[in-house]
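Under the working numbering, the first residue of the sequence shown is numbered 1368, with each subsequent residue one higher.
You may find that some hints are simply not true.
[Stated by the list, open to error] Computed spacing ranges between beta-carbons, pair by pair:
| id | residue 1 | residue 2 | range |
| --- | --- | --- | --- |
| 1 | W1834 | C1480 | 21 to 27 angstroms |
| 2 | P1511 | R1688 | 30 to 36 angstroms |
| 3 | G1402 | I1691 | 54 to 60 angstroms |
[As the list claims (entries may be wrong)] Heads up, simulated DSS-like pairs for lysine-lysine below, C-alpha to C-alpha not over 27 angstroms straight-line:
| id | residue 1 | residue 2 |
| --- | --- | --- |
| 4 | K1660 | K1626 |
| 5 | K1660 | K1685 |
| 6 | K1564 | K1626 |
These are calculated hints, taken from the structure and not from any lab test. Ideal Cβ positions, reconstructed from N, Cα and C, are used throughout, including at glycine.
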Amino acid sequence: MSLSLPRWPSERRSLTPSRSAPDTAFALVHTTTGGERLYAINAAAEAAGLQRGQAVADAKSLEPGLRTAPADPETDQRLLRAFARACGRWSPWCAPDPGPPGQDGILLDITGCARLFGGEERLIGEALGAAREQGLTAYAAAAPTLGLAWGLARFHAPQDPSGWVLSEDIRPSLHSLPVEALRIGETATQLRRFGLKTIGDIAGMPRANLVRRFGRDLLRRLDQARGDEEEVLDPLLPRTPYRARMRFPEALLLLDSLKQAVRETTHSLCAHLEADGLGLRRAELNLYRVDGKVHLIGLGTAAPARDGDHITRLLNEKLDRAEIDIGFGIDVVELRASATSPLGTQQDGLYDHKGVSEAGLAALTDRLVIRLGAERVQRATRRPSHIPERAAGWRDGGLASLPANTAETHHPPDRHPTDRPLLILTRPEPAEAVAEIPDGPPRSFTWRRIRHLVDKAEGPERLAPEWWRDRHSSHTRDYFRVETREGRRFWLYREGLFGLETRTPQWFVHGAS
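Given only the sequences and the hints, what does the whole structure look like? Please build it.
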């Protein structure tokens, strides 16, 4: 069975609280050599006449109310894998089927499973209902081969929203499908150039000629769709969770005893993680009471961690704030690692360096999140831009905010830190400056109604505009580091090349030291 999710990148946000209403045109954008273009669109944007690959500027001229967000293919695939695991309720053999926007989906081997749901039609109906309840556009088809089910789900099922089931002679249905249903990429475009539009057009052609012209992959996909060649589904294997568990012959009645049990359980779990080179990202602490009730405490870390003492402190703070009702006692303590990431070992030195490490920063972030809340902790981050006001920003510093491999966060600086002032204004403020020559440094400038005489100047440092973002509204910037006669230091820039971009360059103050 194939479950097609044609708008997965744009609609996956409905799995979490969405910022856009379903009837609002929404698109994901990505930057290409030709500028920003639409990567994926929702149904409202498609109804407005927008298309994938269209320039963002053209799309907004057609639909002024279009809302956009950056595309994130890696997150798309990660969440598609999570959705595929959820589809394990219908078959233990299921796998994500990622593809370009419009061809994402899930593949399931339902051999022997359909009868448990009352037949293929009911199984498909249940799967479609579950996907559509999440706000996803979904189509499905079941067939004797994976290749045929894939093609039916994308080219026949949209005309039959209730699903498509084919169990008899597959040749007529297969031959009526377009050549794109064979999953052959650009080869389908080449076939159409020769007038071969459907699978039936190539089914009766000499195989040797097809191989010589289009390669062996075409015949392999054709044989797989027919069932002449076996296609093996590579399923998602169930993950074995890391966990540590302690049972007590006599129930724990005191909070101090419970904390000691949590400590031993945590160190036991960390030992298992260290043996496999992993670190904890999210964990669940289950406290089983003797009367059958269970207290669940969730924990997340800003970076992979397996320091037993650090994790114990976090859990103890959670216990204190949760005000656990021990009742008649707790006889089982279980700590389960629901998410892990690779974490290597750290080489210790002979001397105790007092510098701030990523591990120490992550530990501090974890404690602040527990005490203040994830929404109140933010972390400075670098952005892929050379324009100073866009080169840095803030992101949530809460759970799972750092990369899995903390070593990746160490980026060599593009320039010496002293090249930038201590204070950079969020928005450059206009100033009036006087220079001896049009392209020279300022000799004096007036900013916030105060005139400053320049004693020393260094520069210029020329920054070109981001042509793919605002090629019509921005000009080249020439930055100068200046020191006034009073000893104050400023960071100014002149916007616009004299005689080339403008006849009246503008001056701005962008920072101060």
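Consistency of the hints with the structure:
1. W1834 x C1480: 21 to 27 angstroms: Between W1834 and C1480, where Cβ atoms are some 54 angstroms apart, the hint is violated.
2. P1511 x R1688: 30 to 36 angstroms: 56 angstroms, violated
3. G1402 x I1691: 54 to 60 angstroms: At 55 angstroms between Cβs, range holds.
4. K1660 x K1626: 19 angstroms, holds
5. K1660 x K1685: Status holds; Cα separation ~19 angstroms.
6. K1564 x K1626: Judged against 27 angstroms, a Cα distance of about 68 angstroms means the pair is violated.
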